[in-house]
Amino acid sequence: MRIRSLVPLLVLILAAPAVAQVKLLNVSYDPTRELYQDFNGAFAKYWKGKSGQAVTVQQSHGGSGKQARSVIDGLEADVVTLALAYDVDAIANSGLIPKNWQTRLPNNSSPYTSTILFLVRKGNPKKIKDWDDLVRPGVAVISPNPKTSGGARWNYLAAWGYALKKYGSEATAKEFVSRLYKNVPILDTGARGATVTFAERGIGDVLIAWENEALLAVREMGEKGELQVVAPSVSILAEPPVSVVDKVANKHKTAAVAKAYLEYLYTPEGQEIAAKHYYRPRNEAVAAKYAKQFPQVTLFTIDQVFGGWTKAQKTHFDDGGVFDQIYGAGR
Amino acid sequence: MRHVRFWLSCVLLTAILPAAARAQENPPPQPAPPEPAEVAQDQSQPPQTVDEKLEELDQKIRVLDRKIEIDKEAAAEKAKTAATSTIDKSGFTFKSADGAYQLKIRGYVQFDSRFFLDDDQKPAIDTFTLRRVRPIFEGTLAKIFDFRIMPDFGGGTTVLQDAYMEARFNPAFRVRAGKFKPPVGLERLQSGTDLLFVERALPTNLVPNRDLGVQISGDFAGGITSYQVGVFNGVVDGGSGDGDTNDEKDVAARLFFQPFVTGTGPLKNFGFGVAGSSGNQSGTATAPGLPAYRSPGQQTVFSYRADGTAPNTTIADGRHVRIVPQAYLYSGPFGLLAEYATSRQDVVRGAVSETLDHRSWQVAASWVIAGGEPTFRSVNPKTVFDLSAHTWGAFELKVRWNRLDLDDSTFPVFANPASAIRSEQALGAGLNWYLNRNVRLLFDYERAKFDGGAAIGDREDEKIFFSRFQIQY
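Top to bottom, those sequences are chains A and B.
With numbering that gives the first Met the number 0 applied, the first sequence corresponds to residues 0 to 330, in that order.
With numbering that gives the first Met the number 0 applied, the second sequence corresponds to residues 0 to 472, in that order.
If you're looking for bench data, these hints aren't it; they were derived computationally from the structure.
Be a bit skeptical, because a hint or two may be false.
Said to hold, decoys possible - Each computed DSS-like pair below joins lysine-lysine, with the alpha-carbon atoms no more than 27 Å apart: (1) B:Lys79 x A:Lys181; (2) B:Lys79 x A:Lys22; (3) A:Lys126 x B:Lys59; (4) B:Lys142 x A:Lys65; (5) A:Lys22 x A:Lys44; (6) A:Lys252 x B:Lys142; (7) A:Lys146 x B:Lys142; (8) B:Lys77 x A:Lys146; (9) A:Lys173 x A:Lys126; (10) B:Lys59 x A:Lys125; (11) A:Lys146 x B:Lys52; (12) A:Lys291 x A:Lys126; (13) A:Lys275 x A:Lys252; (14) B:Lys59 x A:Lys181; (15) B:Lys77 x A:Lys125; (16) A:Lys125 x B:Lys66; (17) B:Lys59 x A:Lys121; (18) A:Lys126 x B:Lys52.
Quick caveat, the model's predicted, so the values are computed rather than measured.
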C-alpha cells in the first residue's frame, strides 16, 4: 500500500477550517443568572476589541452540587462558576480540572464574595432579628436542600457557626440546627427555587438567602415594598469559586478565551458588574464605592469554624452525615 | 386552583379545629429546650383568631401546592435526563437523554420465488426461498462511535454479513473497521432492502461483496464530494471473506461527486464517480482464489478449470485490479443507474500464465408511476396502503439491460468453453409495489442470453420470473 499517497489527503482533512466564532459554556449555580447575563455581554465586547474574535457565552444554572455532577457526567462546560469550592474539587477529582485549580487565580479563584442574610415580609411580622428567631416554634423558614444546593450548605453552616459561637458546643449547635430545619416546610433544590417559594408563592416567614439574592429580591419587589432584608449578628463569608474546565476547554480549543473570561471577572469592569448584582467585590476601590449597599455583618470563614470544605462536607452533608441525621429525624 | 384551595381549606378546617380545641384543653408538652435557655423560649403563640387560623391553613395549602409544583419540576428535569425508547417505522430505538448512547434494533426478511421457464436443456429448480433474513443491531457510543452487527439467516444458513465500528470525527473524516462492503460496486453499495430488482445486475459479479478491513471516508461541501479509501484482506469477485490466505492486502477507493446535491433542482440527485481496487491475490490447487460468475437466476454459468491438481487448475497468481465508473440520476418520478466494471486478474495454469480482463455493465431505469419518487435509497411512498382510505402506496415500473463479457484469453486454457460461458446479456423488466415504508412487493421477469457454455452451440437462454415479499423495520 502506498501510504505516502494518502498523506496529502489526510492533511487536507485534518486541517479543517478554523471556527470563526467561539462559544463558551459557563455552568454556574442558581442565583447568578442576572450577573452573568450582564457580564457575558461586557466580556464579549472586551474580547472582540482585544482579539477580534466574536464570543458567545451560554449559561447553565442550577443547584451547585447538581451542576458539578452534570459536568462530571459529561456536560461540556468550558468554565464553572459555582457556589462553593467543594463542588469544583469534585470536578477536579474526576480529572477534568487540575487539583491546584484554586491557585491559578487571585483570592483562591474566588473573584467576589457574598454572605447569608434573612429576607422577611413587610414589617417583619414575626420580629426576626437573628438566628435564634429562626428556631422558634411557629416560624416557617425557607431554605433549599443542602444535598443539592451550594447556597443551602452556606445557610446551614452559617446557622451552625452562629450556634457554635454563641452556645459553645457541637451538641448545642446540632440541636439548634435540628430545630431550625424542623421549621423548614419545603426543601427546594436550589437557591432560586427557594426565593420563588418565599417571594412569589408567599410561603414562610423568613428566607435564608444569599445576600445578592435577598437584595435582588428586595429591589425587584421594591415598588410593593413587600420584602425586607434582616442582617443577622453573625454570618459566614461565602467565597464562590471559578475555574476553567481544562479538559473540555482544551478539547473545544477555548482554553485561552475561557481563561480570559475568568480573569475579566477580576478587572474593575468585572468587579463593578459583580457589585451591581450585589456580590461583594474583591477590588478595594469598587468595594468602597458600593459599601453602602452591603449590611455590616460579622463574618467567619469556613476554614476558621469547620476546617475547610472537605471536612465540612464529610461531616455534615455526605450520606449519613449530620444533615441526614437531623432532617431525617425531624420528618 | 381556587376551588381546590377552598375545599382543601374546608377539609383541613374540619381536621384541625377539633384538634385545636383539644389542644387548648390539654396543651402538649413543649420540646425539651436546648441549651442555653433563650433558644428554648417560645415567643410565638398558637393561632387564636379565625384570621390567624385561616392564615395557618392558607400556608399549609400553599406548601402543598408548592410541593406539587416542585415535584412536577423534578419530574420534568428527570425526563430531560431519562433514557427514551421508541418503536416506529424505523425500528426499535433506545436512546440516552443526550443522544450520546443509542441502540437500534432493526431487520428485514425477503421471501422470494424463482420460476424458470422453458428450462429444458439446463433444468433449474423452481423454488421459494428466504433470500435474506437479517436482524440488524446498530448503536452509538459516546456520541461519535457507531457500530453495526448484521447476521444473515437467509437460505437456512448463518453468515455474519456486517460487523464493524465507525468513529465519526467530523463529516470529512470517519474511520471504519471490521467487516463491511468495500467501496467498489455502485449497486453493491445499495442496501439489500433498496434494490430495484430482486437480484443485482451482472456487474456485481466482478466487485467484492464484503471484506475485513479499515476504511476512512468523508464528505466535503455538504456531500458534493465524497470519498472512501480502505485497506482490506482482499476477496475474489463477488465474494465475502472472514479471514485471509496470504499476506497481501487490497486497497479499495471510491471518489463520488453529486455536484447539485445542495440545490433543489432536477439534478439534485445526480451523482457520478469512479471506484476501484488493487491488490495481489495468489491461490493454490486446492484453494485457487478465483471466482465463479452467476446468471440473473443465480445459476453458476462460469467457473475456471479446477480438479484439485496444479496442472489442471487455474489459480490466481498476482495482480488483481478492478475499475468501476458509475453514475445515477433520480429526477422527478424517473431513476437511472449505470455502472461499468472491469476485473483484471493474473492467473496461471501449469506453465501458462495470463492476465484476464473481464468486463460487465448495466443500465437500469425506473419510473414511479404513482405515489412517490425514487432515490438511490429506494422509494418512500407518499401514502400507505389502506383499503378504507383508498390509498395504495407507490408503484414503480423498471427495466434493466446488463451484460458480462469474459476475456477471450480465458478459453480454452483457463476455463472449459463447453461448460463456462463466454458472455451473457440479460434484459429485465418488472413492477414494484411499495405498500408503505416497511412492506414491498417486487415482480421481475428477466431473460438472459449466453454465448458458449455448452458442448454444442450456446447455453440455453434463461427465462426467469422472480417475486419478492419484503418486510423491513
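Taking the hints in turn, this is what the structure says about them:
Among the hinted pairs, lysine 79 of chain B with lysine 181 of chain A is inconsistent with the structure: their alpha-carbon atoms are about 32 Å apart, more than 27 Å. For the suggested pair lysine 79 of chain B and lysine 22 of chain A, the alpha carbons sit about 23 Å apart, so the restraint of at most 27 Å is met. Only pairs whose Cα atoms come within 27 Å are accepted, and lysine 126 of chain A paired with lysine 59 of chain B is accepted, the gap being roughly 21 Å. About 23 Å separates the Cα atoms of lysine 142 of chain B and lysine 65 of chain A, which keeps this hinted pair within 27 Å; it holds.
A threshold of 27 Å between alpha carbons decides the hint, and for lysine 22 of chain A with lysine 44 of chain A the separation of about 14 Å falls inside it, so the pair holds. Pair hint lysine 252 of chain A plus lysine 142 of chain B holds up; C-alpha atoms about 19 Å apart against a cutoff of 27 Å. Restraint check: the Cα-Cα separation between lysine 146 of chain A and lysine 142 of chain B comes to about 30 Å, which exceeds 27 Å; the hinted pair is violated. Only pairs whose Cα atoms come within 27 Å are accepted, and lysine 77 of chain B paired with lysine 146 of chain A is accepted, the gap being roughly 17 Å.
Taking the CA atoms of lysine 173 of chain A and lysine 126 of chain A, the gap is about 24 Å. The hint holds against a cut of 27 Å. The straight-line distance between the Cα atoms of lysine 59 of chain B and lysine 125 of chain A is roughly 17 Å, inside the 27 Å bound, and the hint therefore holds. Under the criterion of a C-alpha separation no larger than 27 Å, the hint pairing lysine 146 of chain A with lysine 52 of chain B is inconsistent with the structure, at around 33 Å. Between lysine 291 of chain A and lysine 126 of chain A, the direct Cα distance comes to roughly 24 Å. Compliance with the 27 Å bound is thereby established for this hinted pair.
For the hint linking lysine 275 of chain A to lysine 252 of chain A, the alpha-carbon distance of about 32 Å lies beyond 27 Å, and the restraint is violated. Under the criterion of a C-alpha separation no larger than 27 Å, the hint pairing lysine 59 of chain B with lysine 181 of chain A is consistent with the structure, at around 15 Å. Of the supplied pair hints, the one linking lysine 77 of chain B and lysine 125 of chain A is violated, its CA atoms being roughly 37 Å apart against a limit of 27 Å. At most 27 Å may separate the alpha-carbon atoms for a hinted pair to count; lysine 125 of chain A and lysine 66 of chain B meet this at roughly 24 Å.
Taking the CA atoms of lysine 59 of chain B and lysine 121 of chain A, the gap is near 20 Å; set against the 27 Å cutoff, the hint holds. Annotation: proposed proximity of lysine 126 of chain A to lysine 52 of chain B holds, straight-line Cα distance about 19 Å (limit 27 Å).
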